[in-house]
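K.L.:
Residues per chain, in single letters:
Number of protein chains: 2
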Amino acid sequence: MQGHPFGSHRSIEPQNVLPQPAWKLDTRLPLYDNELLIDVEALNVDSASFKQLKEEAQGDESQLKQNVMNLIQTRGKLHNPVTGSGGMLIGKVQERGASYPHRWDIGDRVASLVSLTLTPLHIDEIVDMNLRTGQIHVRGYAILFESSPLAKLPSDLLDPLSLALLDVCGAPAQVERLVQTGDTVLVLGAGGKSGLLSTYQAQKSAGRTGKVLALEYDSAQVETVQKLGIADTVWQGDARDSLQVYEKVVDETAERLADVVINCVNVDQTEMSSILCTKDGGTAYFFSMATSFTAAALGAEGVGKDIKLMMGNGYASGHAELTLELIREHPQMKQVLLETYAPSAFNRETTD
Amino acid sequence: MQGHPFGSHRSIEPQNVLPQPAWKLDTRLPLYDNELLIDVEALNVDSASFKQLKEEAQGDESQLKQNVMNLIQTRGKLHNPVTGSGGMLIGKVQERGASYPHRWDIGDRVASLVSLTLTPLHIDEIVDMNLRTGQIHVRGYAILFESSPLAKLPSDLLDPLSLALLDVCGAPAQVERLVQTGDTVLVLGAGGKSGLLSTYQAQKSAGRTGKVLALEYDSAQVETVQKLGIADTVWQGDARDSLQVYEKVVDETAERLADVVINCVNVDQTEMSSILCTKDGGTAYFFSMATSFTAAALGAEGVGKDIKLMMGNGYASGHAELTLELIREHPQMKQVLLETYAPSAFNRETTD
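Protein sequences appear in the order of chains S and G.
For the working numbering, count along the first sequence from 1 and bump the result up by 1.
For the working numbering, count along the second sequence from 1 and bump the result up by 1.
Among the hints, a few may not be true.
Same chains, same label: a pair holds when it works inside one copy or across any pair of copies.
[Said to hold, decoys possible] Taking lysine-lysine and the DSS-like style, the derived pairs with C-alpha atoms no more than 25 Å apart in a straight line are: (1) Lys205 <-> Lys309; (2) Lys309 <-> Lys335; (3) Lys280 <-> Lys309; (4) Lys55 <-> Lys205.
Just so you know, the hints here were simulated from the structure itself, not pulled from any lab data.
Based on the sequences and whatever the hints tell you, model everything.
P.N.:
Here is the structure:
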């Protein structure tokens with residue numbers, strides 16, 4: 002039987018809607034003819050979602066595991082109802098529907114490039130959980146649609162690193178499109194993984210005549226950004242304190258402000274820092290899932306800022322390849338990300 | 002005494018933040034030196050906010066008035082905590098702080114082009130309320146900052162019409178920038194005021210070689226759009242039913258989809274209609290305050306759409322003039338908007 006290319010045949014609450022807005026998905030087998038069955042190995046929970054889930058469990062790990070299991074069972078997908086966000090997964094191709102294009106072989110190790118908020122997911126067990134990174138080792142299966150982008154896992158990188166990179170690969174790809182030679186770019190939340198990748202891409206795109214300013218809240222991550230040499234100015238600050246951030250950027254740019262501001266912060270109320278620091282005619286790009294649409298739209302109007310307000314699109318043609326290349330060409334950044342995202346619990350058998 | 006140019010000196014809960022994200026503003030007089038005092042005549046409540054307030058009052062008009070009064074008293078501004086949106090106001094310039102630029106004379110009739118979500122507002126009385134349009138006649142005052150854009154009310158248009166137009170003047174101004182000659186444009190929610198203005202501007206910008214498709218939920222408004230001749234195809238439909246909207250646009254465009262989709266719908270869950278109907282490389286522009294950031298960002302990723310996702314910026318240089326000119330050159334549309342927005346309760350003394 003043929004399912005809908007966008008997966009609406011899996012929506013059961015309500016029916017006949019797309020799987021992302023649906024409250025609940027049908028995860029039952031057998032596969033429809035245009036679906037792909039994945040034997041799931043690990044989930045990478047979206048940063049905003051994992052933060053909320055940890056807060057809800059008040060630091061109790063077994064409670065956190067139980068909450069994640071309940072969430073997946075209730076909705077048939079890992080779609081956090083509070084943050085509205087999900088994450089992505091890696092696994093092996095287990096079965097291909099009769100009419101699903103022959104792009105992958107059975108046994109291929111792949112990462113889904115589509116959010117878990119719309120991916121039918123069934124979990125039997127949580128094997129292990131990394132509280133720092135939001136990576137969860139599981140036993141279970143997921144169903145991918147004909148329209149869902151996938152990437153084959155690269156053999157030269159450790160899985161947890163690939164998973165972490167592919168989860169945010171839209172960010173550097175969008176930066177590459179937005180930033181022009183000579184631009185001044187401000188990255189808010191430069192020390193997280195999307196922040197590091199975006200900052201490095203901004204430096205490449207802006208070139209020697211451009212300037213990259215990087216704000217980070219966490220002191221250790223401030224040092225990391227400095228050490229990697231991917232920004233002209235790096236400082237510790239709170240992106241929610243928009244007036245303080247603005248004063249700093251006014252100073253750093255001789256009041257010209259930034260052509261492009263990239264927001265990678267995973268807490269809310271940072272919209273105004275992005276907006277105030279963008280020069281008239283420039284672009285404020287919001288990659289953070291904690292962004293409030295109304296705060297951004299009304300905030301720009303409120304201070305009379307004639308700027309473009311863009312929402313981060315996690316999909317961009319060629320984004321996976323661009324991001325994997327980015328990390329291959331910067332061994333020091335690769336090392337930093339490996340230390341964070343490739344702890345011993347995962348992939349003991351794989352070497353890098 | 003000099004206030005902060007962005008108005009942060011008026012934020013009292015919490016302090017030292019911008020007035021938009023602040024929970025509560027200080028509305029006390031006297032004025033700071035760089036402020037402007039407005040004797041408020043009327044408020045134009047944002048469509049999404051007014052809809053929510055009416056639902057909360059369950060159709061009871063006196064309850065609705067009381068709720069609006071309470072909201073303004075509680076927050077020192079008309080900032081709906083559920084929808085996050087506000088609206089704008091008209092009134093007379095009553096007092097100019099010593100250092101406020103001499104752009105206006107005392108007694109000038111003006112409209113604020115800044116959201117009520119960040120405007121200190123004190124109301125003594127609600128005189129009258131139009132349940133259909135969300136326009137509220139009041140006695141009270143508002144305080145505008147040095148950074149807040151304003152427009153002098155035009156003498157050739159009735160006040161309620163000017164107020165209604167200026168409230169959404171960002172929409173047609175952004176359409177004018179986005180749409181190129183020959184583009185196919187889809188407007189969702191084409192029958193409301195921002196919809197009508199955006200649709201007409203899209204027709205002007207796309208030109209004879211372009212194509213404008215207009216979706217509207219309300220049957221009477223569908224007829225209005227048809228009668229005005231501002232779109233090539235107009236149909237009645239529900240923008241929340243993204244799959245149905247998509248099928249229709251596939252048919253109308255021979256599967257090429259739209260270069261630009263403008264979302265002016267004031268209900269939620271319409272993000273996917275915008276996204277599915279935008280061609281790869283195109284732009285989905287969200288003017289609706291009911292837009293969910295995560296639904297849009299993850300939705301595009303979920304269906305592998307390589308498109309620009311833009312949030313509607315209510316401010317654009319020259320937006321007030323563009324919008325007023327737009328309505329002057331289309332007498333039939335002006336008549337339609339007059340019938341809706343200039344009921345007898347307002348401005349009996351003014352003639353058009």
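K.L.:
Hints first: check each against the structure and report whether it holds.
P.N.:
Taking the hints in turn, this is what the structure says about them:
1. Proximity of Lys205 and Lys309 under a CA criterion of 25 Å is satisfied in both settings, with 22 Å inside one chain copy and 22 Å between copies.
2. Proximity of Lys309 and Lys335 under a CA criterion of 25 Å is satisfied in neither setting, with 32 Å inside one chain copy and 29 Å between copies.
3. For a Cα distance limit of 25 Å, the shortest separation of Lys280 from Lys309 qualifies both inside one copy, at 10 Å, and across copies, at 20 Å.
4. When the C-alpha separation of Lys55 and Lys205 is checked against a cutoff of 25 Å, the pair qualifies neither within a copy, at 36 Å, nor between copies, at 52 Å.
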